[in-house]
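Student: Next come the chains, spelled out residue by residue.
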Amino acid sequence: MSYRLSKQEVSGLFEKLSEKYDIYAPKRVKNAGRYSETDIIQYAKISDISEVVWDEKSTYPMKEVLSPIQQTIFYFTEDEYRESKGKTRPMLIFARPCDINAMKVQARIYAGNGGFVDMYYQRMHELARYILMPCSGGDDTCFCVSMGTNTTDDYAMAVKPLEDGMLFEVKDEEFAPCFEKAEKAEFAPEFVKENELTAVIPEIPDKEVLNALKKHPMWKQFNGRCISCGACTIACSTCTCFTTRDVIYGDNPEVGERRRVSASCQIDTFAKVAGGGDYRTTAGDRMRYKMLHKFHDYKARFGESHMCVGCGRCTARCPEFISITVTLRKMNEAVAQIRAELGR
Amino acid sequence: MTNYVQPKPYEIISVKHETDIEYTFRVATDIKPEHGQFLQLSIPKIGECPISVSEQGDGWLEFTIRKVGKVTDAFFEKKAGDVLFLRGPYGKGWPMDEIRGKHLFVVAGGTGVSPVRSLLNYCVKNEGFVKSVSLICGFKNCESVLFKSDLEKWNEKFRAWFCLDNEEHEGFHKGFVTAYVDQLPLAAVKEAGEDYAVVVVGPPPMMKYTGIELLKNGFAEEKIWMSFERKMSCAIGKCGHCRIDEVYVCLDGPCFPYTVAKDLVD
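First to last, the sequence lines map onto chains A and B.
What the first sequence shows, in this note's numbering, is residues 1 to 344, in sequence order.
What the second sequence shows, in this note's numbering, is residues 1001 to 1266, in sequence order.
Each hint should be verified, as a subset may be incorrect.
To be verified - When the alpha-carbon atoms are kept at most 20 Å apart in a straight line, the in silico EDC-like pairs for lysine to aspartate or glutamate are as follows:
(1) B:K1079 with A:E80
(2) A:K207 with B:E1221
(3) A:K207 with B:E1143
The set of hints was computed from the structure by calculation and includes no laboratory data.
Whenever a hint applies, use it, and build me the whole structure from the sequences.
Tutor: And the structure:
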């Protein structure tokens, strides 16, 4: 069912919902941008609906709500491990289709891979409900249509802000009671049908072509360009890698925590083992590893879809202006060349 | 909900100094891993790392650890009676069904001897599990030789070639393990119309060149297995560090058929 609420009713609704739910949305953080007097838009808990940023893509992805950049998984006291208690309040999260689809990727890895369900992910996932927010097609880095992630039906409610109120589609029965007295309306969410950018994903038919692509000189150009800062993976909607790190509290070395901290395959220590053995020693190797995960390896393992959801945040955040879609184009050319040479 | 990354405390029974930088820790536990599997070992406030099981017995496991980093340095401070934290076992071990009843060839180098030690000792204790064992075991020099008493035992029970990379020493050949692959009695096994399995573990270049040498000498690639070492944070397919292509070393390995291993380019 769909409804139309006035501005005042909307405020009242979210005030009421916030009694039970923590509400998260893309929120403007003033002057926190990379350049002076620029802002970032980041997911955070909101206390008023007016804090939601509707008309701009968030700088960082929604995944941060469920799998934060840093979280404590154990507390140590002397020789004991105590599991962190984590959140208990359910969450309502404003999100666009790309970010909601990215959660399927997170689930496939955190709650599926190898038959192990990661407790820290799962307990957050079970608390999350999504409010679909409209997307006007994103910016000049978006390519969700090419990745098939421009639509979703995985939401509890869909909304569309109006000058004088808001339209709601209520899918999850849990929220129906909030709309008993509301004015009914005709509303179904509209999805982006076209982006400014399109991306074509190269077809890699077998291991021989894959391994030839790994050796292709196209990756060498990144040795000079990519500075291995990891900005792309931190901004990525779908990256899931982490490292565990133990910390002790400065004034009492008997007490500390084990933390899970986001890791980046673009940083040179990602694959390095304690004995010094390393497996990807150049920026080009690491770029190749990331690109192939997003556009080949993930699909080879899990089937269905590619890992990348086309949110374009990696391109938007790269300080060296490396574009994922341009890199894809180069991959396509390299694969075509290799396939011609091998006669595939 | 099960927390798969929750470690539990176990008491250290003994610490044996194999070399100056490699100790074997025997830990009291009822965990029963397969040969070739690994566990996550940790010390709270220091960290956690994957270590393969180097031997197992009734109520204990052994881990042979090289002092190479922050976490392993902290292990070296531990003594009998102290506590280590374990979780696991993880991954796929050696393919016992592919080895049973056949001739076993093992090529191992350096700390790579650890992940095959329990398999080799299993063959010693269970006569008839395999028809024969031929073993090439290499170390850098005589200071880095591990498991000396096992080597003696293996020398008695198996056909064995022990070698040191760049040193002459009594009881050892000089040279890399790859130099002795052509001496493995494959021809006799084939002539008798019998089957075999090959297990290779060691540093990546050693495994790469051993693989090439094995194929050159007529070993069939589908009868070869290799064990990989990669960085890991979780051991349950979440942290991503050990992934190569669509393969996760922690889940699909560490022991891989060569037919898979040969195509895995990091």
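Student: Would you pick out the hints that fail for this structure and give their numbers low to high?
Tutor: Going through the list in order, the structure violates hint 3 alone and respects the others.
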